[in-house]
Amino acid sequence: MNDSGLLDGFANALTPPHLLFAAIGVLLGTAIGVLPGIGPAMAVALLLPVTYAFEPTGAFIMFAGIYFGAMFGGSTTSILLNTPGESASVMAAVEGNPMAKQGRGAQALATAAIGHFVGGMVGVTGLVLVAPLIASVAVDIGAPDYFAIMVLAFVAVTGVLGASRVRGFAALVLGLTIGLVGLDPISGQPRMTFGVPQLADGIDVVIVAVGLFAVGEALWVAAHLRRKPQEVIPVGRPWLSRDDVRRAWKPWLRGPFIGFTFGSIPAGGAEMSTFMAYVTERRLSKNRKNFGKGAIEGLAAPESAASASSAGTLATMLTLGLPTTAIAAIMLAAFQQFGIQPGPLLFEREPSLVWTLIASLFIGLVLLLALNLPLAPMWAKLLRVPRPYLYAGILFFACVGAYAVSGSPVDLVVLLVIGAIGFLMRRFGLPVLPAIIGVILGPDAELQLRRALQIADGDVTTLVSTPLSITVYVVIALLFVIPLVLRRRRAAPEPEREDELV
Amino acid sequence: MTTGTEETTRSWWSEHAELGVAALLGAVGVLVAVDTVAEGTLTAGSDSDPIGPGVVPLVLSAALLVLAALLTLDVLRGGHGEAEAGEDVDLDTPMDLRTVGMLAGVLIATAALIPVLGWPIAGTVLFAGAAYALGSRRLEIDLAVAATVSLVTWVVFDGLLGVDLPGGPLMGMLG
Numbered sequence: 006m007n008d009s010g011l012l013d014g015f016a017n018a019l020t021p022p023h024l025l026f027a028a029i030g031v032l033l034g035t036a037i038g039v040l041p042g043i044g045p046a047m048a049v050a051l052l053l054p055v056t057y058a059f060e061p062t063g064a065f066i067m068f069a070g071i072y073f074g075a076m077f078g079g080s081t082t083s084i085l086l087n088t089p090g091e092s093a094s095v096m097a098a099v100e101g102n103p104m105a106k107q108g109r110g111a112q113a114l115a116t117a118a119i120g121h122f123v124g125g126m127v128g129v130t131g132l133v134l135v136a137p138l139i140a141s142v143a144v145d146i147g148a149p150d151y152f153a154i155m156v157l158a159f160v161a162v163t164g165v166l167g168a169s170r171v172r173g174f175a176a177l178v179l180g181l182t183i184g185l186v187g188l189d190p191i192s193g194q195p196r197m198t199f200g201v202p203q204l205a206d207g208i209d210v211v212i213v214a215v216g217l218f219a220v221g222e223a224l225w226v227a228a229h230l231r232r233k234p235q236e237v238i239p240v241g242r243p244w245l246s247r248d249d250v251r252r253a254w255k256p257w258l259r260g261p262f263i264g265f266t267f268g269s270i271p272a273g274g275a276e277m278s279t280f281m282a283y284v285t286e287r288r289l290s291k292n293r294k295n296f297g298k299g300a301i302e303g304l305a306a307p308e309s310a311a312s313a314s315s316a317g318t319l320a321t322m323l324t325l326g327l328p329t330t331a332i333a334a335i336m337l338a339a340f341q342q343f344g345i346q347p348g349p350l351l352f353e354r355e356p357s358l359v360w361t362l363i364a365s366l367f368i369g370l371v372l373l374l375a376l377n378l379p380l381a382p383m384w385a386k387l388l389r390v391p392r393p394y395l396y397a398g399i400l401f402f403a404c405v406g407a408y409a410v411s412g413s414p415v416d417l418v419v420l421l422v423i424g425a426i427g428f429l430m431r432r433f434g435l436p437v438l439p440a441i442i443g444v445i446l447g448p449d450a451e452l453q454l455r456r457a458l459q460i461a462d463g464d465v466t467t468l469v470s471t472p473l474s475i476t477v478y479v480v481i482a483l484l485f486v487i488p489l490v491l492r493r494r495r496a497a498p499e500p501e502r503e504d505e506l507v
Numbered sequence: 084m085t086t087g088t089e090e091t092t093r094s095w096w097s098e099h100a101e102l103g104v105a106a107l108l109g110a111v112g113v114l115v116a117v118d119t120v121a122e123g124t125l126t127a128g129s130d131s132d133p134i135g136p137g138v139v140p141l142v143l144s145a146a147l148l149v150l151a152a153l154l155t156l157d158v159l160r161g162g163h164g165e166a167e168a169g170e171d172v173d174l175d176t177p178m179d180l181r182t183v184g185m186l187a188g189v190l191i192a193t194a195a196l197i198p199v200l201g202w203p204i205a206g207t208v209l210f211a212g213a214a215y216a217l218g219s220r221r222l223e224i225d226l227a228v229a230a231t232v233s234l235v236t237w238v239v240f241d242g243l244l245g246v247d248l249p250g251g252p253l254m255g256m257l258g
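Protein chains in written order, with the numbering used here: chain C, 6 to 507; chain A, 84 to 258.
Bound-form chain C, shown alone (with noise of 0.2 Å):
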């Protein structure tokens, strides 16, 4: 069944328009993978507003394509300038800057963007195989086990990423609270509205995630803004020789498993695939002394296990409704807007749709692979873009997105003072994930919460009713009572992960 599910997918994903969006996805995806300061969830919250007018399996055809490509063009600038602009691309430089110094930038990219390629096949391959099956499994699941996996979503996301918990919480309580504003969906009350008209629909998603992503992120910048520019590496046509093939094969095909794991439960991402995925490749490795000095190894396996990551948390998020990362959480408002509802029902409601985007997904990481190779130089160029340009373009597009959801000038001004509460963030180390999560998710689990309530009569016990929701709840504290009991093992403080690597 599932074989002509995905085989009406990609004889839908192969008609013209379809392939021009996936090649506009990708294309865009790496532009803006390379450019410093805007990543892929602010990429699609941008676009957001615009894809209205579209047809959904075209957007999100173009959005996945853009997650793929951002992965890919991530790691370009980590090995092309040795400072990574997203957490993913952290282990990317390590490896794969010493790679260029040494002159070999060309095959750190063709080991990046095959890597990217291999992650990439074998993560959606997972995905074709898995989801439907955690959809058919899922479908049973009723409002007590969606509060209870949203509240474990909150905690995972907030408590295991990031250096301090007080901090993540404190982003986390704030988003839901700005998730709060406007008329409560089953009363009709207004919270937090104070009797402005305006903020009775509640603030636009869109707004909040550009205003905490791009605004907050140009407004910092502005404030510590690199006054001289970086080097940029030259490099050349990627290619590599056939030692290095025999060196990456198995680092590669290694990746993946690793990746889509970590990926598809909330807190993995790609930071912890990524991460996971090197330090097996150094366990493993015979010469481990080369690592930190241009490894190959160490640079195939994190760059494959990256894109099989973003395959992984797309199954979290169609199968179950939970973004586990922030692009993932865009998408999801993404799909609300829409009017889809992604859970378990969505193979069944919208099995086109489904099939299609995972169809495309093959296809954008041929195209991937095929333009990326040649164009590499290209996207190196990037990196020169006068620095002003970039960020004046960011904040334009920013308003171009915020006054498009709804026509009105008072939305830039909301913009702004989201803005400056993303700015007030970086500077103070709350994480933004945490807090757009609670803006989109939040409203959502509210309602979960109410409705299991509502239909127990208002017995609260009802929330620990099932297997599921039990069995979440002991993860939930385990995840509180497990780092609690580490630290208190640990008398002699060990150093810290990136001081260990760098």
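By construction, these hints were calculated from the structure, which means they are not laboratory data.
Just so we're clear, the structure is a prediction, and the values are computed from it rather than from any experiment.
By construction, the Cβ of each residue, glycine as well, lies at the ideal position given by its N, Cα and C atoms.
Incorrect hints may have been included.
Distance ranges between label pairs, derived from CB positions [said to hold, decoys possible]:
(1) I29/C <-> G103/A: 40 to 48 Å
(2) L159/A <-> P379/C: 50 to 58 Å
(3) A166/A <-> A205/C: 31 to 39 Å
(4) L174/A <-> V422/C: 22 to 30 Å
(5) S470/C <-> L174/A: 26 to 34 Å
Following the hints, put chain A in place on chain C, whose structure we already have.
Coordinates of chain A only, in the frame set by chain C:
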């Protein structure tokens, strides 16, 4: 590049600027509680909606107050959040709040100009103004780039993509 003297003459308050974040969290917490009580949201529940629209805001309000307290404790004990790094971010320089203020001003001006002058002109002001604030000093080139970006965006978004952006009097004259 921070100099040693700047480091030592920093006052206690600027060392503990994060207390402001805690204060902000607390203030939002109080605001949510006051709003919930004042609007009568708490009593708006019904048989079909047992906890009503007021309980979740109250829980969040309590959480905000607790987090504000915890953060205060953490800061007083010497904890501090790490400022975010990035490709174009140089954390060794002191914060350039003048640029940030200018950018905020440009955004406000844009919001005010859109209804009067339309997107092509307001967008040009936005792009050129932001580029100037960020240190670009090639005025003619900046203006040309800004006008091109703004006009092309308007044509593509308003004309091709069906996103409604006002053309303003200038575009009105052209057609």
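Here is how each hint holds up against the structure:
{"no.": "1", "hint": "I29/C <-> G103/A: 40 to 48 Å", "in the structure": "43 Å, holds"}
{"no.": "2", "hint": "L159/A <-> P379/C: 50 to 58 Å", "in the structure": "57 Å, holds"}
{"no.": "3", "hint": "A166/A <-> A205/C: 31 to 39 Å", "in the structure": "36 Å, holds"}
{"no.": "4", "hint": "L174/A <-> V422/C: 22 to 30 Å", "in the structure": "25 Å, holds"}
{"no.": "5", "hint": "S470/C <-> L174/A: 26 to 34 Å", "in the structure": "50 Å, violated"}
Going down the numbered hints, you'll see the structure goes against just number 5.
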